[in-house]
Each structure stands twice: as C-alpha cells, then as structure tokens.
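Student: Each chain, letter by letter, is given below.
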Amino acid sequence: MNRSELSSGRPAAPAVAHAPSRPVRTAILGVIGLVFAVPIVAMVEFTLRKGLGGGHDFSRWSALFAGGASGQYRPVLTALGNSVGLALGTVLIVLLLLVPTLLLVHLRFPRLRRLIEFVCILPISIPAIVLVVGLAPVYSVIAGIVGSGVWTLAFAYGITVLPFAYRAIQSNLDGVDVRTLSEAARTLGAGWGSVLLRVLVPNLRRGILAGAFIAIAVVLGEFTIASLLNRITLQTALVVVSKADPYTAVILSLLALGFAFVLLLVIGRLGAVRTRPARRPTPGGQP
Amino acid sequence: MLLFLVVPTVIAVGTGFVDQDGAFTLATVAALGDPVVLGAFFNSFWLSALTAVIGATVGAAACYALLGAPSGGPLRAVVDSLSGVLAQFGGVMLAFAFIATIGIQGMVTVVLRDSFGVDIFADGVWLYEMPGLVLPYIYFQVPLMIITFMPALQALKPTWAEANATLGGSRSTYWLRIALPILAPSFLGSLLLLFANAFSSYATAAALTSQGSQIVPLQIRSALTSETLLGRENLAGALALGMVVVMGLVMFGYSALQARAARWQR
Chain A
144 MNRSELSSGR PAAPAVAHAP SRPVRTAILG VIGLVFAVPI VAMVEFTLRK GLGGGHDFSR
204 WSALFAGGAS GQYRPVLTAL GNSVGLALGT VLIVLLLLVP TLLLVHLRFP RLRRLIEFVC
264 ILPISIPAIV LVVGLAPVYS VIAGIVGSGV WTLAFAYGIT VLPFAYRAIQ SNLDGVDVRT
324 LSEAARTLGA GWGSVLLRVL VPNLRRGILA GAFIAIAVVL GEFTIASLLN RITLQTALVV
384 VSKADPYTAV ILSLLALGFA FVLLLVIGRL GAVRTRPARR PTPGGQP
Chain B
3 MLLFLVVPTV IAVGTGFVDQ DGAFTLATVA ALGDPVVLGA FFNSFWLSAL TAVIGATVGA
63 AACYALLGAP SGGPLRAVVD SLSGVLAQFG GVMLAFAFIA TIGIQGMVTV VLRDSFGVDI
123 FADGVWLYEM PGLVLPYIYF QVPLMIITFM PALQALKPTW AEANATLGGS RSTYWLRIAL
183 PILAPSFLGS LLLLFANAFS SYATAAALTS QGSQIVPLQI RSALTSETLL GRENLAGALA
243 LGMVVVMGLV MFGYSALQAR AARWQR
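Order-wise, the sequence lines are chains A and B. So for the first sequence, my numbering puts the first residue at 144; every next one is plus one. So for the second sequence, my numbering puts the first residue at 3; every next one is plus one.
So that you can see chain A by itself, here it is in the shape it has in the complex (with noise of 0.2 Å):
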C-alpha cells in the first residue's frame, strides 16, 4: 500500500477545516464503534456462561489456566509452539535475506528498485488458497528430503509477510540518508560489516522491529497454508479444539486477539516515538 507511508506518524495537525464537527465525529464513531464491540462482548459473555443452568462465572478461565501445561489442552500449547517458533524463524529468514537485499539495492543498484518492489509487492494479489495449490507439490518434495516438520512452512511464510516487512523496512530506509551514513563510516576507517552492523542496522532499528511485529503477527493468524497442507499451527488447533469445547477455543482467541492488538499497539508506538518533523512522513508499520 503505496499511500501508507504517508499517513501515520505525521506531527499532529492543525485542526483541518474540513473535518466533521464534534458531535458527528462523536456520534458516528460512537454507533460502529457499539456494532464492533457486540461481537467481541458475545465471545466474553460465551466465554462466562455456566452451562445449561445459566449464569456466569470465571469457571472457565481458572480452569483453563489451573490445567497448566499437562491438562488436556496439551495440543493447543503444542501448536502455540509450533507457532511461536514459526513466527521466530520466518522472521529470522526474511530479516536476514530482506534488510541485506534492500540495503544494497538502495547502495549500489538503485536502477534495481522498482524491480524488487515489484516483487515483494507481488504476493498481496495472489492468494494464500492459490499459493497453496502449488505449495502442496512443491512441499511433498520437501518432505522427501529433510521431512514434514513444521518448521519447513517458514518458508511458505516468509514469502506471504514478504509485502508488508518490505514496506515497513523500506520507508524507513527511505527516511535515513543511508548513503552518506555508510560513506562516512566507509571514511572513517570501518570495514563493510561493521558499517552493517554498527551504522545502518541501529538507524534501520525502528523499520526492522516493525517489519518483525508484523510479521509474527500475519505468522500467528495464518490458517490457509497451514490448514490445507496439514500442518499443527495455533489456528489450525484452535478449530479442532473447537468441535470439542468451543468455550475453551473462544477464551484462547479472545486471548490471541488481545495479544495481537497490543503487538501492533506497540508497532505504532515505534513508529510515532522518534518521529523528525522535519524529515520525510515516517511509517507507522501498519500493514
């Protein structure tokens, strides 16, 4: 989304002339705002139910968490797992091969650009189910050669958050004079690796961290992939717990929801925190 780097991060404005009066403001906010939250206070009020008798209570959150690790909700903490350190490698693979990348397209191949735009953009247009029609071949290969662990869909992963960490990553990149930075330090005497890893690296921190946000969170909400190539993730538990206890599956999604709204909460933090007026509109790494 081309426009985004443009909008989020911006000094607060001036009031704008033509924006709604307060009580419209008020008002329509007010009515979605109500529409949004009947389905999130439904799954809390499922989540409190106490059976056929009626009533409520925490019954169902201390039980939840009194189980711990041996209780019968073993798979879900399995598949929590597997997801977490699925978001941690997919992360790891599309840091280490995308910050290099761009860092030397903006360096020494600027005609480059538009080319690797263009194909990091490319997978928002083709989706996930078509992906994975493909993936399903491609991956009973994989599986012939080093097995069907989980962590091989890492890869299928890094390609579908590609988009979004190259948009986080790259406007940083645009907002940092990453040239003359790297020929200063080329100046001062330090070799590639520590212009790397010493210079350009802290400066990028900001676009790297929100790269790294967001795509643990696209990891941990993935179902497609995951789903139809028959691969244990968080998601793919959440429904078979599901067809079993349906509370216990609406209490972990609340949870999940939860945690995934302050992860991006946070993102936009970084992103608003060591904003320079002055420079270019900096990202809020929203997707």
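What the hints contain is simulated information worked out from the structure, not anything from laboratory work. There could be a bad hint or two in this list.
[As the list claims (entries may be wrong)] Residues from chain A that keep clear of chain B, each with C-beta distances beyond 10 Å, as calculated:
| no. | residue |
| --- | --- |
| 1 | Val242 |
| 2 | Leu246 |
| 3 | Val289 |
| 4 | Thr323 |
| 5 | Gly334 |
| 6 | Leu407 |
[To be verified] Not everything, but these chain B residues come out facing chain A in the computed CB check (under 8 Å):
| no. | residue |
| --- | --- |
| 7 | Ala99 |
| 8 | Val110 |
| 9 | Tyr141 |
| 10 | Gly170 |
Quick reminder that beta carbons are idealized off the backbone N, C-alpha and C, glycines included.
Based on these hints, arrange chain B on the given structure of chain A.
Tutor: Just chain B now, kept in the frame of chain A:
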C-alpha cells in the same frame, strides 16, 4: 523466493492444463464451465462485491469521523492497531466471534428471542451458509478500508478548504467540486482492494462452514482434500487459474487507480 512464490504459482496455474497422466489438456479448464464451479464463482463474486461496497462505505464514514482526531493521538493509535488486528489477524477467530454472537445460542440471538420475541433463525439457521458469511466479512472489510483509505483522506490539504472558503465556496461545493473528485480514485482503489481481499479470504469461511463449498476458496479445499473424487487435484489448479485471472484484473485496476490517486499526494 523462486521456489516458494514463482514455482507454486506456476504449478498451481499449470496443473489446470494437464490431465492425470501429465499430458496437456484443456479439459480441466473446461471444467470451469461446470455449473457448480460457475455457481461458486458467482457466489464468491457477489459476496465480495456486496461486502466490499458495504465495507468501503462504512469504512469511509469512519475515516471521515477520524479526520478530526490528531494523528498521533491515543484514539488513532487504538483504531489503527485494532484495524490491523481485525483486518489481518482475525480469520478463524472472527468465525468464533460470530458463532458466539449470532450462533444458535449466541448472545444476540438469545437476547432477541427472549426479550423481543424475534427469532432470527425462523427460516432455518443461515449463519453457516452463504448469508452468514456476509456479516463476518464486513467485520474485517471495514478495518481494512480504514487502513487503506485513511491516508488518502488525510492527504486532503487544509489549504484547499481555505482556498475554497476564500473564493466564496460553501461546504457543499468543497466536498462536491474538490474533495470528491480527488478522493474518487483512492476510494475506488480501496474498493477493489476490499473486493480482492474478500475474494481470496479463506480462513473465516473454512472455520464457519464445515460442509458444502459455496465459494471458490472452499471449492479449492474440497478439490484438494476430496476423498471421494480422486484425481481432482487438477481441478484445484483450474480453480486457482480462475482466481489468479480475477485477482490479476482487480490488481491491475487497483494499480491504475493508485497511479491516478498519487498525483494529489505529493
């Protein structure tokens, strides 16, 4: 990159053109003309179109309302993150949310039935069929609209409103003559993006409907995992080809509109 993006896409589309023995054939592509498949494409199409239009309208209204809030402020931060979560992360969880809301024992269903005597399922339970997909889809379309359309609305310059006022224009001339023409490409672009999003979305539908395959992604699932109709994997390829064609057209339109919209955002 090559192995996990290009190869799968080529295979996905390519398998549409070969039969079980690996010979080239157009028969599987001709299966796209099958009434069931056509029906699925039709369903997918109107579901995406309907939810895109509703989502875009509601989302645009929300963006308009958010225009007054300072962009670094807490309200915007919360709305941004919430939109991100619901648009990207939801999937399966949205299905649960709607089962808890308007399922047979859902909160809204029960309240309506017990307090108002309205039975929303009087004609049978529709949540797990096509109409039931509309509400959850809108629930993730609106946040996506907020994410994609907000930057365009925010790029409206206050100076344009002032210029309009100095030249004697009213509020309505400002919106009709200035803001709407500028916003139109962005709005249509976001609409297309919403359409593409709904068209390719799979998780919510898969978690909500366990039987039957009324939309294309579910058709692909049943073609891939079918146990009764062997050798239908190639049909999945043909379906994938159909989806790629639709998505290609939509994304082409999107980038064309995007280029037009970008003129005003420098």
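Student: Next step is simple, just say for each hint if it's right about the structure.
Tutor: Cross-check of the supplied hints:
In this structure A/Val242 is separated from chain B by more than 10 Å, as the shortest Cβ-Cβ distance comes to about 15 Å. The beta carbon of A/Leu246 is kept farther than 10 Å from every beta carbon of chain B, the shortest such distance being approximately 17 Å. Even its closest Cβ contact with chain B, about 13 Å, leaves A/Val289 beyond 10 Å, as expected for a residue assigned away from the interface. No Cβ of chain B comes within 10 Å of the Cβ of A/Thr323; the nearest lies about 24 Å off, and the non-interface call holds.
Annotated as non-interface, A/Gly334 keeps its C-beta farther than 10 Å from every C-beta of chain B; the closest such distance is 28 Å. With 10 Å as the threshold on Cβ separation, the claim that A/Leu407 sits away from chain B is violated: the shortest Cβ distance comes to roughly 4 Å. The beta carbon of B/Ala99 comes within 4 Å of a beta carbon in chain A, closer than 8 Å, and the hint placing it at the interface holds. Checking B/Val110 against chain A by beta carbon gives a least distance of about 7 Å; that is within 8 Å, so the hint holds.
For B/Tyr141, the suggested interface contact is upheld, since its CB lies about 7 Å from the closest CB of chain A, less than 8 Å. Annotation: interface hint on B/Gly170 violated; nearest CB of chain A at approximately 15 Å, more than 8 Å.
Going down the numbered hints, you'll see the structure goes against 6, 10, while the others check out.
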